[in-house]
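These are the residues of each chain, in order.
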Amino acid sequence: MSTIENIKERFADLQKTREDAALAMVRNKAIVAFNQWGIPTVKHEEWKYTRISAIFNTDFDFPLSHTNTFFNAADLDSVRLPGYKDANELVFIDGIFSSRFSVIRSGELVVLSLAAAAEGEFAGIVAKYFGDSANYLKDGINALNTALEAGGIFVHVKNGQVTEHPVYIYNVTDARSGNVLSQPRSLFHVGENAQIKIAETYVTLGTGESLSNQVMEIIVEKDAYLEHYKIQNDASHTNQVSTTHIRQVGKSLIHNVVITLNGNIVRNNINVIMDAERCEAHLYGLYLQKGKSHVDNHTIVDNVKPNCYSNELYKGILDDEASGVFNGKIFVRPQAQKTNAYQSNKNILLSANASVNTKPQLEILADDVKCSHGCTVGRLNEEGLFYLQSRGIREETARALLLNAYAIDILEHIKLEPIHAFVDRLISERLELA
Amino acid sequence: MLRIHNLHAEIEGKKILKGINLEIKPGEVHAIMGPNGSGKSTLASVLAGRKEYEVTEGTVEFMGKDLLEFSPEARAGEGLFLAFQYPIEIPGLSTINFIKTAVNEVRKYRGEGPLDAVRFLQMMKEKMALTEIDKALLSRSLNEGFSGGEKKRNEIFQMAMLQPKLAILDETDSGLDIDAIRIVANGVNKLRTKDNAVLAVTHYQRLLDYIIPDFVHVLYNGRIVKSGPKELALELEERGYDFIKNEISEAAEA
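Protein chains in written order, with my numbering: chain G, 77 to 510; chain C, 54 to 307.
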């Protein structure tokens with residue numbers, strides 16, 4: 077049976093066995109959307125350059141409950157991020173949250189299964205915001221994650237609380253004994269005047285085919301602060317669609333950095349909905365690509381309310397036959413006067429066979445706003461290279477120093493120290509800087 | 054030390070140098086002057102190994118070796134230094150990190166081990182004082198947002214750190230006020246020994262009030278058309294380059 081047919085059958089089973097009426101409705105809506113839209117092909121405007129549909133020719137397993145008995149503590153150690161002893165750790169194995177391997181250190185955090193959250197104290201929030209990303213991502217991939225939501229979690233950061241320990245999220249796909257489609261799902265609610273720092277990573281174990289199709293929705297309340305880092309350095313044969321959908325429902329500040337260093341096809345959706353006055357958002361991205369890797373960053377900043385500020389900078393370095401995509405949408409709604417929205421995408425192509433498609437897309441319906449966008453595609457600065465060489469620095473070292481310097485204005489925005497040091501080291505290793 | 058013989062060079066098919074002959078011995082200071090477009094900066098660039106320029110004829114011998122065979126970084130290792138007319142700004146690369154890499158790469162080339170942190174800092178401190186450069190500048194990104202004077206001082210500081218045998222100063226005085234010229238020239242003078250040499254490329258005589266040349270050469274239309282003692286620079290300043298041009302056209306007619 078093909079993966080697509082299998083999905084439909086498993087969905088029917090899932091609806092029968094689960095007794096979570098609130099979520100069942102959303103899942104049902106999602107499967108209708110999935111059936112209507114299907115897996116996006118390059119004919120879909122938002123997937124023009126990213127061929128995700130061929131991946132679904134593979135027969136995938138997609139666990140809808142805890143069936144993985146292989147994953148052990150040593151495996152966890154192999155995927156942990158530096159500084160984990162001081163962090164809350166949330167572990168997804170094949171898309172299913174594992175309470176056994178997760179560690180909650182902070183009393184400020186409430187971590188529940190989505191199904192449980194949909195019933196109790198947080199029922200209102202779940203009902204209102206679970207599946208919010210579907211309002212912006214009209215494709216079968218997003219619908220697929222929602223339709224098959226099974227092992228997802230709800231995380232609440234209590235009002236007025238600062239989580240001193242960051243939250244590390246490990247999205248593990250265990251492809252040691254087969255081909256796996258994993259679909260981690262989470263809904264975060266950052267309460268009023270609360271603060272949280274999140275760092276996520278994606279790891280595939282084994283050599284089977286894999287696709288990690290993750291959706292994370294984050295609601296940020298008034299006076300709250302969210303820092304979010306996505307570190308993508310999975311193996312060269314792995315695929316990933318990763319959605320971070322942030323809705324700022326009160327005046328708040330968010331800071332998001334996406335670092336992509338490896339993977340076969342990596343598609344990121346970063347959505348920021350500025351749904352309150354005086355919201356502020358900082359979005360940064362760095363993609364450092366080699367081989368045949370394809371990295372696609374789609375960002376949306378939707379200015380729903382007036383007086384919001386957003387700044388976005390994405391930089392790419394593409395070598396070999398790598399291909400990149402940047403699509404940056406900025407919407408300014410008619411009532412969102414005094415919007416300040418800035419966007420920039422810069423690329424360096426190191427090889428004649430590397431390519432990038434970059435497209436800013438601004439839809440401005442208010443008349444008193446400041447918006448700017450810019451994109452560049454160029455080569456390594458030859459003048460700079462000669463300058464360094466003329467000081468005795470070998471050409472390869474000079475190139476590495478220049479590329480590292482180019483990446484630094486993204487890296488300096490990683491404010492979580494162990495993660496900053498970790499990414500610095502990965503990049504130095506990649507550039508072969510001692 | 055440096056022996057240039059019948060050097061011809063071109064860029065994108067355009068002939069710029071048309072037979073340069075020049076010899077520099079240890080301890081000497083040579084000045085190359087000339088009007089705009091005469092090939093002064095091209096000569097400096099060709100010596101430093103800028104690859105856009107193609108040498109079509111002639112030889113350059115440096116310390117007994119064929120300089121033109123070397124990559125730019127090997128030339129630096131061999132002891133050649135070019136102070137850029139327009140030093141490049143590199144955001145994100147700290148000046149200290151850059152200097153440290155350069156010093157250790159050059160040491161490696163010369164068969165010396167890397168400097169440890171203590172000795173490196175000692176050396177930096179000493180050379181910073183010598184070239185009157187502010188420590189705050191060195192903790193910033195390389196040349197980023199530096200004033201013209203700060204960039205040139207940084208060039209001389211790098212020269213001090215790399216201890217070249219031959220320093221080529223490409224229009225080091227351009228865009229500098231008199232105080233900045235004095236500081237830069239002082240730095241160069243303090244670094245002079247009987248074993249190293251300076252080749253100063255300049256449009257104006259002003260720099261040569263502070264870096265006193267042993268020989269002045271006039272470059273015109275890709276050739277050295279006149280050489281003389283330091284007084285030649287003063288004469289050029291007074292009479293302008295036209296008198297050279299006139300002399301040449303008279304000679305051509307005769």
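Among the hints, erroneous ones may be present.
[As the list claims (entries may be wrong)] Some residues of chain C that are not near chain G, with every Cβ distance over 12 Å (derived):
| hint | residue |
| --- | --- |
| 1 | I69 |
| 2 | E114 |
| 3 | E122 |
| 4 | E158 |
| 5 | F173 |
| 6 | L195 |
| 7 | S227 |
| 8 | R259 |
[Claimed, not checked] Computed list of lysine to aspartate or glutamate pairs in EDC-like fashion (alpha-carbon distance at most 16 Å, straight line):
| hint | chain 1 | residue 1 | chain 2 | residue 2 |
| --- | --- | --- | --- | --- |
| 9 | C | K161 | G | E297 |
| 10 | C | K104 | G | E297 |
| 11 | G | K234 | G | D135 |
| 12 | C | K283 | G | E471 |
[To be verified] A few chain G residues facing chain C, derived, Cβ under 8 Å:
| hint | residue |
| --- | --- |
| 13 | F462 |
| 14 | Q465 |
| 15 | R470 |
If you are wondering where the hints come from, they were derived from the structure by calculation, not from laboratory data. The C-beta atom is built at its ideal place from N, Cα and C for all residues, glycine as well.
Hint check:
no.: 1; hint: I69; verdict: holds (17 Å)
no.: 2; hint: E114; verdict: holds (20 Å)
no.: 3; hint: E122; verdict: holds (15 Å)
no.: 4; hint: E158; verdict: violated (5 Å)
no.: 5; hint: F173; verdict: holds (15 Å)
no.: 6; hint: L195; verdict: violated (8 Å)
no.: 7; hint: S227; verdict: holds (17 Å)
no.: 8; hint: R259; verdict: holds (25 Å)
no.: 9; hint: K161/C / E297/G; verdict: violated (57 Å)
no.: 10; hint: K104/C / E297/G; verdict: violated (58 Å)
no.: 11; hint: K234/G / D135/G; verdict: violated (42 Å)
no.: 12; hint: K283/C / E471/G; verdict: violated (39 Å)
no.: 13; hint: F462; verdict: holds (6 Å)
no.: 14; hint: Q465; verdict: holds (4 Å)
no.: 15; hint: R470; verdict: holds (5 Å)
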